[in-house]
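Asks: Each chain, letter by letter, is given below.
There are 2 protein chains.
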Amino acid sequence: MSDRYIDFANSDLGRRLVGAIGLPSPARLERWQAGRLRPVEGALLLGGGGLANKVASFASRLTDTAYGAADLPSWTAGLGPKLKAVVFDASEIVDGTQLARLREFFQPVIKSLDHNAHMVILGRNPRDLEDPEAHIAQRAVEGFSRSLAKELRNGGTLQLLYVAPDADEQLEGALRFFLSPKSAFVSGQVLSLQASARQVTDWTRPLAGRKALVTGAARGIGASIAETLARDGAEVILLDVPQARHDLQALAARLGGRTIDLDICADDAASQLIAALPEGIDIVVHNAGITRDKTLVNMTPDYWDSVLAVNLLAPQRLTQALFDSGTLRDDGRVVLLSSTSGIAGNRGQSNYAASKAGLIGLAEAFAARLATRGATINAVAPGFIETGMTAQMPFALREAGRRMSSLGQGGQPQDVAEAVAWLAQPGSGAVNGQVLRVCGQSILGA
Amino acid sequence: MSDRYIDFANSDLGRRLVGAIGLPSPARLERWQAGRLRPVEGALLLGGGGLANKVASFASRLTDTAYGAADLPSWTAGLGPKLKAVVFDASEIVDGTQLARLREFFQPVIKSLDHNAHMVILGRNPRDLEDPEAHIAQRAVEGFSRSLAKELRNGGTLQLLYVAPDADEQLEGALRFFLSPKSAFVSGQVLSLQASARQVTDWTRPLAGRKALVTGAARGIGASIAETLARDGAEVILLDVPQARHDLQALAARLGGRTIDLDICADDAASQLIAALPEGIDIVVHNAGITRDKTLVNMTPDYWDSVLAVNLLAPQRLTQALFDSGTLRDDGRVVLLSSTSGIAGNRGQSNYAASKAGLIGLAEAFAARLATRGATINAVAPGFIETGMTAQMPFALREAGRRMSSLGQGGQPQDVAEAVAWLAQPGSGAVNGQVLRVCGQSILGA
Numbered sequence: 001m002s003d004r005y006i007d008f009a010n011s012d013l014g015r016r017l018v019g020a021i022g023l024p025s026p027a028r029l030e031r032w033q034a035g036r037l038r039p040v041e042g043a044l045l046l047g048g049g050g051l052a053n054k055v056a057s058f059a060s061r062l063t064d065t066a067y068g069a070a071d072l073p074s075w076t077a078g079l080g081p082k083l084k085a086v087v088f089d090a091s092e093i094v095d096g097t098q099l100a101r102l103r104e105f106f107q108p109v110i111k112s113l114d115h116n117a118h119m120v121i122l123g124r125n126p127r128d129l130e131d132p133e134a135h136i137a138q139r140a141v142e143g144f145s146r147s148l149a150k151e152l153r154n155g156g157t158l159q160l161l162y163v164a165p166d167a168d169e170q171l172e173g174a175l176r177f178f179l180s181p182k183s184a185f186v187s188g189q190v191l192s193l194q195a196s197a198r199q200v201t202d203w204t205r206p207l208a209g210r211k212a213l214v215t216g217a218a219r220g221i222g223a224s225i226a227e228t229l230a231r232d233g234a235e236v237i238l239l240d241v242p243q244a245r246h247d248l249q250a251l252a253a254r255l256g257g258r259t260i261d262l263d264i265c266a267d268d269a270a271s272q273l274i275a276a277l278p279e280g281i282d283i284v285v286h287n288a289g290i291t292r293d294k295t296l297v298n299m300t301p302d303y304w305d306s307v308l309a310v311n312l313l314a315p316q317r318l319t320q321a322l323f324d325s326g327t328l329r330d331d332g333r334v335v336l337l338s339s340t341s342g343i344a345g346n347r348g349q350s351n352y353a354a355s356k357a358g359l360i361g362l363a364e365a366f367a368a369r370l371a372t373r374g375a376t377i378n379a380v381a382p383g384f385i386e387t388g389m390t391a392q393m394p395f396a397l398r399e400a401g402r403r404m405s406s407l408g409q410g411g412q413p414q415d416v417a418e419a420v421a422w423l424a425q426p427g428s429g430a431v432n433g434q435v436l437r438v439c440g441q442s443i444l445g446a
Numbered sequence: 001m002s003d004r005y006i007d008f009a010n011s012d013l014g015r016r017l018v019g020a021i022g023l024p025s026p027a028r029l030e031r032w033q034a035g036r037l038r039p040v041e042g043a044l045l046l047g048g049g050g051l052a053n054k055v056a057s058f059a060s061r062l063t064d065t066a067y068g069a070a071d072l073p074s075w076t077a078g079l080g081p082k083l084k085a086v087v088f089d090a091s092e093i094v095d096g097t098q099l100a101r102l103r104e105f106f107q108p109v110i111k112s113l114d115h116n117a118h119m120v121i122l123g124r125n126p127r128d129l130e131d132p133e134a135h136i137a138q139r140a141v142e143g144f145s146r147s148l149a150k151e152l153r154n155g156g157t158l159q160l161l162y163v164a165p166d167a168d169e170q171l172e173g174a175l176r177f178f179l180s181p182k183s184a185f186v187s188g189q190v191l192s193l194q195a196s197a198r199q200v201t202d203w204t205r206p207l208a209g210r211k212a213l214v215t216g217a218a219r220g221i222g223a224s225i226a227e228t229l230a231r232d233g234a235e236v237i238l239l240d241v242p243q244a245r246h247d248l249q250a251l252a253a254r255l256g257g258r259t260i261d262l263d264i265c266a267d268d269a270a271s272q273l274i275a276a277l278p279e280g281i282d283i284v285v286h287n288a289g290i291t292r293d294k295t296l297v298n299m300t301p302d303y304w305d306s307v308l309a310v311n312l313l314a315p316q317r318l319t320q321a322l323f324d325s326g327t328l329r330d331d332g333r334v335v336l337l338s339s340t341s342g343i344a345g346n347r348g349q350s351n352y353a354a355s356k357a358g359l360i361g362l363a364e365a366f367a368a369r370l371a372t373r374g375a376t377i378n379a380v381a382p383g384f385i386e387t388g389m390t391a392q393m394p395f396a397l398r399e400a401g402r403r404m405s406s407l408g409q410g411g412q413p414q415d416v417a418e419a420v421a422w423l424a425q426p427g428s429g430a431v432n433g434q435v436l437r438v439c440g441q442s443i444l445g446a
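Going down the list, the sequences are from chains A and B.
Under UniProt numbering, residues 1 to 446 are what the first sequence spells out, in order.
Under UniProt numbering, residues 1 to 446 are what the second sequence spells out, in order.
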């Protein structure tokens with residue numbers, strides 16, 4: 001699963017060669033290490049409108065060194081310290097001339113970014129705004145934000161978060177993810193934070209006391225999700241097909257969890273699963289998935305049906321059953337593993353892309369119903385992730401997948417797991433019915 | 001503005017070389033020729049649900065040779081004639097198991113496509129559906145549709161059109177565009193048709209009797225838009241800056257229109273324009289735009305302000321003024337020239353992308369208000385188009401822009417103009433507040 005080009009490009013010789021002949025120069029990305037306490041290890045700068053003050057009220061829990069708009073002249077003069085994190089509140093930009101504030105704020109800031117700096121622009125969802133001028137201006141912020149994300153170097157990331165007027169209290173949980181290495185492979189994304197009953201969260205073990213089910217947990221991304229949920233305090237229940245029992249039990253032993261051997265496509269899968277979870281479940285991660293790639297011309301009925309059955313119909317039926325039976329507890333969290341193929345489509349994957357697009361539909365369609373019990377359902381859409389599966393791709397295709405993104409590399413299973421673990425937190429009720437890409441701002445899109 | 005690689009790849013020698021060493025093989029795209037009568041010159045196959053019957057009721061106006069679902073066994077047996085157009089109604093797919101109908105229908109069809117075949121899948125907007133299972137299934141159709149579009153060869157295209165329950169009457173106008181060479185460079189797109197008062201349309205001169213204003217009309221895409229609107233029967237009024245007067249007048253003389261010399265950023269631009277249009281205007285195409293590319297680090301205030309002023313603030317102010325003054329007539333059509341950069345963002349174009357994203361916001365924000373008078377406002381987002389501007393790009397960047405799309409080539413200004421001309425039709429009221437990409441299914445996306 002290693003991308004040796006990153007090692008090369010970051011070696012002494014490699015750096016010179018890469019610079020001289022214009023090769024891609026992917027950065028080494030920092031990841032979250034178990035036991036780390038602060039989301040931001042370095043300087044945080046806050047600017048823009050009044051939401052920056054809200055962030056300032058909890059900034060001391062994010063970092064030791066926070067700066068506000070009054071300090072901006074230091075960076076304008078080129079004298080500010082290197083920045084590890086930046087938050088700019090653009091939500092008060094209500095007409096097109098005020099967009100210049102984005103240029104004014106970010107220009108000096110960009111010059112002072114530390115490596116692996118994480119930035120967030122706060123805005124309002126244009127479609128929620130009555131005033132057409134404000135709608136237009138906020139829509140323009142997205143174009144700015146996606147462009148600037150593409151200009152960042154050294155592992156820098158930038159997201160745009162829409163904050164509903166009554167969702168200020170939801171900011172800390174979101175910024176703990178988006179300003180920290182937990183979101184190392186997320187960039188150029190747009191996500192909405194809605195009002196939600198705030199849950200008291202122990203930020204060092206945000207999943208403490210929560211029971212989490214992970215399907216397809218024996219290997220790869222599923223195993224990484226299980227590890228990350230366990231790291232964050234969850235009691236994990238690992239599910240996979242009976243053939244994977246050996247790997248699954250070894251992982252469960254290591255993580256102190258238990259296992260369920262189950263074919264999620266079996267006719268009685270739902271009743272079996274409910275029976276296996278007599279105490280209920282707080283977190284359900286539908287990670288199990290298969291690929292059977294063929295262009296449609298060569299697609300067999302079996303290839304079509306099996307991919308749809310495992311990837312879409314099983315999560316749909318199980319989610320419905322877990323909810324209807326009350327097995328999914330109040331304030332539950334359901335996370336679906338979609339894919340950038342489900343967003344953009346992919347040659348040779350009409351079955352897979354249909355199933356992964358359907359999962360986005362599942363999150364959209366079930367969100368309101370789950371919200372009646374304080375629960376949420378969201379999709380995570382990985383782009384190119386370094387796994388055993390991608391290691392077997394032909395060289396040219398694998399290299400294209402790795403490099404055709406703003407971060408110029410594939411992600412690690414942990415990157416997907418961190419996004420899942422964040423959405424699984426009790427404090428993540430602000431996000432519901434949405435899809436979060438973990439793709440390094442892959443250029444692939446719809 | 002020519003792409004000589006297409007000529008090479010379609011030559012005798014080129015075809016053999018391209019096949020042998022795996023180079024891209026972009027097809028020669030057919031375009032609409034003035035004087036052509038039928039949207040489809042060849043066989044049309046209709047299948048799927050009940051909307052196919054609706055299409056059958058006017059199919060004889062689309063083509064001489066239409067086939068229905070009863071004829072499908074001919075293609076399944078490999079005996080059907082080559083198909084130039086295909087419409088499949090997927091709107092009755094209401095659960096995931098029914099998605100297999102897509103595979104069953106399209107598999108034999110794909111094998112029998114003529115060159116430059118145009119296909120449309122009809123569906124329902126998932127977000128309009130009450131039933132979660134139907135929502136999920138319809139969302140899955142998008143993943144299928146975008147994937148299949150990426151598998152087509154020989155200039156084939158495929159779109160997904162969401163048809164609101166009471167929008168059946170809007171189908172003919174949309175299919176006349178999407179099944180004909182007018183949409184040669186549009187593929188993999190999703191668009192919604194809403195109910196709308198149907199306007200009687202003379203399909204041979206769909207813009208007859210309509211007055212159309214085109215800004216930035218002296219050259220390039222603007223000139224092509226003016227020509228295409230005139231071809232379709234509109235009386236054209238060409239606007240550009242005073243410096244472009246010579247080119248503008250030559251074009252107006254050729255098209256039988258008149259000119260307006262105006263700097264759209266002037267303080268009194270709106271009142272000057274209203275005064276210049278005493279009889280009102282039916283169609284307004286905001287095409288004028290500039291680029292001033294720099295990464296944000298090097299972006300000057302002037303580069304920022306001028307791009308925002310020309311590309312976004314001027315169209316916003318003029319649209320508002322034309323509407324408020326009643327100069328935009330009832331059933332008017334406003335079309336804004338956005339860009340795939342406004343959707344996906346682009347390195348070195350934070351100003352341009354902000355302005356072009358803002359135009360998408362302008363369409364969204366003004367749509368409901370314009371609808372109160374039967375008018376619409378939409379954005380067209382060109383991808384890589386062969387113009388004087390793109391001819392000056394560095395070779396590698398130009399080649400990447402051309403090839404990184406399903407059609408493997410850049411579009412022509414006419415392709416953008418055809419999309420504008422379609423949205424400008426009286427019969428296009430079904431589309432409002434939306435953005436239509438003309439990008440050959442460029443892989444760039446958000």
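Calculated directly from the structure, the hints in this document are not laboratory data.
Some hints here could point you the wrong way.
Which copy? The list can't say, so a pair holds if one copy fits it or any two copies do.
[Stated by the list, open to error] SDA-like cross-link-like pairs, simulated, lysine to any residue; straight-line CA separation at most 25 Å: (1) Lys294 <-> Ala34; (2) Lys211 <-> Phe58; (3) Lys111 <-> Ser271; (4) Lys211 <-> Arg36; (5) Lys54 <-> Asp261; (6) Lys294 <-> Met404; (7) Lys294 <-> Ala77; (8) Lys211 <-> Glu279; (9) Lys111 <-> Thr300; (10) Lys294 <-> Val190; (11) Lys294 <-> Gln320; (12) Lys82 <-> Glu235.
Asks: Where does the structure disagree with the numbered hints, that is, which hint numbers, in rising order?
Replies: 1, 2, 3, 5, 11 and 12
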